[in-house]
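A.B. asks: Build the complex: two chains, separate frames, hints provided.
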Amino acid sequence: QQPVQSPQAVILREGEDAVINCSSSKALYSVHWYRQKHGEAPVFLMILLKGGEQKGHEKISASFNEKKQQSSLYLTASQLSYSGTYFCGTGGTSYGKLTFGQGTILTVHP
Amino acid sequence: GAVVSQHPSRVICKSGTSVKIECRSLDFQATTMFWYRQFPKQSLMLMATSNEGSKATYEQGVEKDKFLINHASLTLSTLTVTSAHPEDSSFYICSAGGGQGVGEQYFGPGTRLTVT
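Line by line, the protein sequences are chains A and B. Heads up: the first sequence is residues 1 to 110, going by our numbering. Heads up: the second sequence is residues 1 to 116, going by our numbering.
Isolated chain B (complex conformation) (with noise of 0.2 Å):
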């Protein structure tokens, strides 16, 4: 299958910091990726689909001016949580479609954010 890299794994942020989370497609290429948010226990919430060259589609409810998301190549989309508060804690995933299959989603390890 296809590999999906984030980086950082994990990352601890005073309050009111920025954080930039990277999400990359290793051996394919990626026009749409993913960009979901998960509470301990809970299911994953997409917050935004990030397409290469334009600008990112936000789900209802997700505020695109405290998430930027930018998909810089095909193999690129990065996350950033502006202004960070203790409630944007939580684990960040990003999947990229395509590679070798129809339809196929494959995610990244994941992003564990604390703000503290």
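Bound-form chain A, shown alone (with noise of 0.2 Å):
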């Protein structure tokens, strides 16, 4: 069953920070996170695991709760390159199969 993302489409001014959720009905070994430009294949940003972690990179965090089966993406200051799509796959297994939410567009403006 595919997951669900919150928001479907969020706009930000340059510098401003955005959430992006992604909520299963199903229990989750992981989620994965993408970011998709348009006419291009989605680009691997980071892998959360069963156990709570958070992680993060620069500007771009996430957190995993297992228990409510959510994942939330966090970017901060976000930068014009941000714009995309952003994708969360969820996986029941590592090395499994990931089913994807429909996407959350973000477009960031000067």
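In short, the hints are calculated from the structure, not lab data. Be careful, since some hints might not be right.
[Stated by the list, open to error] Under the rule of at most 16 Å between Cα atoms (straight-line distance), these lysine to aspartate or glutamate pairs were calculated in the EDC-like manner: (1) B:K41 - A:E40; (2) A:K26 - A:E66; (3) B:K20 - B:D65; (4) A:K67 - A:D17; (5) B:K14 - B:D88; (6) A:K50 - B:E104; (7) A:K59 - A:E16; (8) B:K64 - B:D88; (9) B:K66 - B:E87; (10) B:K14 - B:E87; (11) A:K97 - B:E104; (12) A:K97 - B:E59.
C.D. replies: So, in structure tokens, the structure goes:
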């Protein structure tokens, strides 16, 4: 079953923050976050494994609440390069197949 | 991160012909690769899981006789769209797991297929 992402779209000005949520009705082993620009393949951002860990690099971080079967992606001090469609992919096992959410379109304006 | 390539990046073919798309993991060995299809402004839909040395596992609703998958080596998987029709036009993307991390999947650049 496809995870649900919210919001569907968000528009920011450079320097503003955003949060993208991903919820699943199934128990999760892992949550993967990707960013896709128009006409290109998705680019891996980070993976969060079962255990409620939080990860981040530079100004993008994420959390995973396995009890709530939810993950959130945090974008702080957004840059123009952050624009794109963000997908969460949920997995039942390590190295297993992923089921992707419907995507969240993020647009950052100068 | 790991590098995955796809060839060709774009292909236009006539209805009724077959098209082969290659997916290669360039700097790591991938026992498992995944094939996705993506329509404009939509999410990635998993078509099948390609396993090296064995038959692919297809998702429900995907015709295995139409979308032939071969995973001949640890670095190469191919998807052949047989007897293509205009409704097969789409963006096909492969991904490979493994490499340096645990659980990450790295995507190829995708293949834009247009069937006329």
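A.B. asks: Please go over all the hints and tell whether each is borne out by the structure.
C.D. replies: Against the structure, the hints come out as follows:
no.: 1; hint: B:K41 - A:E40; verdict: holds, 12 Å
no.: 2; hint: A:K26 - A:E66; verdict: holds, 10 Å
no.: 3; hint: B:K20 - B:D65; verdict: holds, 14 Å
no.: 4; hint: A:K67 - A:D17; verdict: violated, 26 Å
no.: 5; hint: B:K14 - B:D88; verdict: holds, 11 Å
no.: 6; hint: A:K50 - B:E104; verdict: holds, 14 Å
no.: 7; hint: A:K59 - A:E16; verdict: holds, 11 Å
no.: 8; hint: B:K64 - B:D88; verdict: holds, 14 Å
no.: 9; hint: B:K66 - B:E87; verdict: holds, 13 Å
no.: 10; hint: B:K14 - B:E87; verdict: holds, 12 Å
no.: 11; hint: A:K97 - B:E104; verdict: holds, 11 Å
no.: 12; hint: A:K97 - B:E59; verdict: holds, 10 Å
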